[in-house]
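Chemist: Listed below, chain by chain, are the residues.
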Amino acid sequence: MAPNSLTRDATENLRGNFIGALLLHILIAAALLGYTFVFDHSGHSWGDSAAPSSTIQATMVNAIPLPPRQPVNADNVLTSETPSPAPPTVRDKTAPPPDPKALAIPEKPTKPLKAAERPTPATAHPQPMKPQPTKAQTGEAPGVRIAMSATQTRAGTVSIGATDAAFGARFAYYVAQIKEKVANQWYTTMLDPAARGHRVYITFQISRDGSPSQIRIQQPSGDATLDQTALRAVQHIDTFGPLPDGYNGSYVNIVYIFEPQLAQ
Amino acid sequence: MQSATRKLLRVSLPSLILIAVAAVSLRANAQDSAIIRSGTGNDRIRIAVADFKPVSADPSTAPLKATFDSTLYADLANAGIFDIVSKSLAPQATPGSPSEISIQQWSVAPASAAMVAFGNISASGGRLVVNGFLFDANNQQYPQVLAKQYTDTASDDAARQTAHKFADEIIFRLGGGIAGIAETKIYYIHKGGGAKEIWEMDYDGANQHPVTHLGAISISPRVSPDNSRLAFASLGRTGFEIRMYSLLLGRMVAFPSTGANSFSPAWSPSGREIAYASARSGHSEIWISDANGLLARQITSGHRESSPVYNPKTGGQIAWISGRTGLPQLYIMDADGSGVTRMTDGGYASSPSWSPNGQFLAFAWDRKYGPGAPGGQDIYVMEVASKRWIQLTHDGGRCDFPTWSPDGRHIAYANTADGRDDHMRIWTMLADGTQKHPLSATGGDMPNWSWK
Chain G
30 MAPNSLTRDA TENLRGNFIG ALLLHILIAA ALLGYTFVFD HSGHSWGDSA APSSTIQATM
90 VNAIPLPPRQ PVNADNVLTS ETPSPAPPTV RDKTAPPPDP KALAIPEKPT KPLKAAERPT
150 PATAHPQPMK PQPTKAQTGE APGVRIAMSA TQTRAGTVSI GATDAAFGAR FAYYVAQIKE
210 KVANQWYTTM LDPAARGHRV YITFQISRDG SPSQIRIQQP SGDATLDQTA LRAVQHIDTF
270 GPLPDGYNGS YVNIVYIFEP QLAQ
Chain P
43 MQSATRKLLR VSLPSLILIA VAAVSLRANA QDSAIIRSGT GNDRIRIAVA DFKPVSADPS
103 TAPLKATFDS TLYADLANAG IFDIVSKSLA PQATPGSPSE ISIQQWSVAP ASAAMVAFGN
163 ISASGGRLVV NGFLFDANNQ QYPQVLAKQY TDTASDDAAR QTAHKFADEI IFRLGGGIAG
223 IAETKIYYIH KGGGAKEIWE MDYDGANQHP VTHLGAISIS PRVSPDNSRL AFASLGRTGF
283 EIRMYSLLLG RMVAFPSTGA NSFSPAWSPS GREIAYASAR SGHSEIWISD ANGLLARQIT
343 SGHRESSPVY NPKTGGQIAW ISGRTGLPQL YIMDADGSGV TRMTDGGYAS SPSWSPNGQF
403 LAFAWDRKYG PGAPGGQDIY VMEVASKRWI QLTHDGGRCD FPTWSPDGRH IAYANTADGR
463 DDHMRIWTML ADGTQKHPLS ATGGDMPNWS WK
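Chains G and P, in that order, give the protein sequences.
Each residue of the first sequence is one higher than the one before, counting from 30 in this note's numbering.
Each residue of the second sequence is one higher than the one before, counting from 43 in this note's numbering.
Keep in mind that the hints were calculated from the coordinates and are not lab data.
Every clue listed holds true.
Straight-line distance between alpha carbons at most 25 Å, and here's what the computed SDA-like set of lysine to any residue pairs gives:
#1 P:K494 / G:D238
#2 P:K494 / G:P273
#3 P:K494 / P:H479
#4 P:K207 / G:D238
#5 P:K227 / P:M294
#6 P:K494 / P:S270
#7 P:K233 / P:G439
#8 P:K207 / P:G219
#9 P:K355 / G:S242
#10 P:K494 / G:P94
#11 P:K429 / G:T218
Which chain P residues stay away from chain G? Per the calculated CB distances, all over 12 Å, these:
#12 A104
#13 N249
#14 L291
#15 S299
#16 A321
We put the beta carbon where it would ideally sit given N, CA and C, even for glycine.
Generate the whole structure from the sequences, applying the supplied hints.
Modeler: Printed below as a string of structure tokens:
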């Protein structure tokens, strides 16, 4: 049988061709790798815009009127991620049956108490009615004064005292809301580290419609950055919400104390 | 150090910072990152809502009470300022009046509520009467914060509106004087039957119904600040035209045609002016006219301008999208066209919305635009003064058309999970990106939150 392209002689030696092909492929691969190694350059890909590497810090979420998230507190069973195991249930023991031989303890006879007869009270002579006050009663009474209520914020303690004695007790929720709102506006990134341990007293008035006015430093702390950030925190606020319905006054005086945390 | 790093990460993740970016800033400047807010100190107000007590034997009371209770609970849970007591933790009691409530029952664990909302509801003779109370559970001596009475017709819709009113009153009292949004509306585009009509729904997705019946393609509805008119763009013979619909009259009102493509209207906060993009000069530019479409004047000259939006606080600034340097970017300027400032530094930005307090811009942004680029179009919020931004949506498919709620605590937007336009639906979330949930079925697009 004559050899043609379809039949191969079994003894034909292909080693040289094979090694040649192998060397050629290695050369091609090396050339490709070498090209990328030599001509490699890093640049902006299309549509890329040299991404900013430094701009990102987002403390500004403060100003969105949302409260911050609550942290997970391991001590609080409701927020802990690892709840403590439930205590074993204790079964009530059934009381033993009474001894059939036991004698009942005799009861002492008790004498009925004598009650003295009381004279029936005489009916009061009708008195003329006192004139009723024309002003409506709002149910207000002088309450116990809560002088100050203090809160820990991310940067320190803020305390607040409404100088109207009863206000803090009567409308505790409103005072808590003032505290919350001011604390959220206190930008402590501007604080000098030396301000820790100082304390500034800011006074202001809240009028009927909830807007603060007459914002003043009552007692400076001795640290300018603390005074300024505290003053700005109150100045930032448009309104605290209208004063409570049950309150008759036209404004409330507030003393707000800013006190940065001592070293953490 | 290890624990400090872990703490930083734990603090920064809820603060909605990109993980990758947080890692970069950690490495670059550990002290700065530590200043990122921690959650200590200020808590959400923990509020409990008792089921209202039915005080009339009328059989229509029960379904109205069910509607009222669920609406009030949902409104307070979505408000963003409360930590609401789950109904399973609340006491079984249904106090109907201040004399029936035992405050201690609510202030102790497991309810541990700081505030309790309760009251009674009755329907008789076609009248619905609701008495609502809000008590401060920690103030034994003077617990009452709020007492309200509402009367309306005895219908399911009225029960829901009454619950919205009471919820708004509570949010107003406890949220620092910012009015609640339970009575606001969202206007949006509903696609169906080959047309795109403008629909309206309550802020919680209830009561979805059409407003216009034009049988045309309408886009970008914008309600006026006094809720009396609706401006939008509609496809006519000469392309998109600004059209005007009166919500008071219930019909279209005249708005002059410009003879060229005009779209994306925006109301000034005074309601006296409308800014829109128009190609009447040959290129797409921002124009401002009065509310009747007269006295139009051109205020940009960049040739590729669109999507203006006023600063709702001052009315003195306009944010818009411009393609003057290539891909569309976010810009702001004064309302007379001066003081142009570029806000975004790359990518593909669109559909800005200015927050009600004027401090933030929400917009859709594809930061790495191009074939094969990572990421997609998501909602971002940028602080105008500092140009710092945060990303609010992640990996949820294409997001577009953010719109702020009037209290600045919520953002509604359109999202399509698989990228297909006909799967667009409207979602809402808090302005920090949490509590996302859908409002409309598929086919809802381009939401616009009413001003009040």
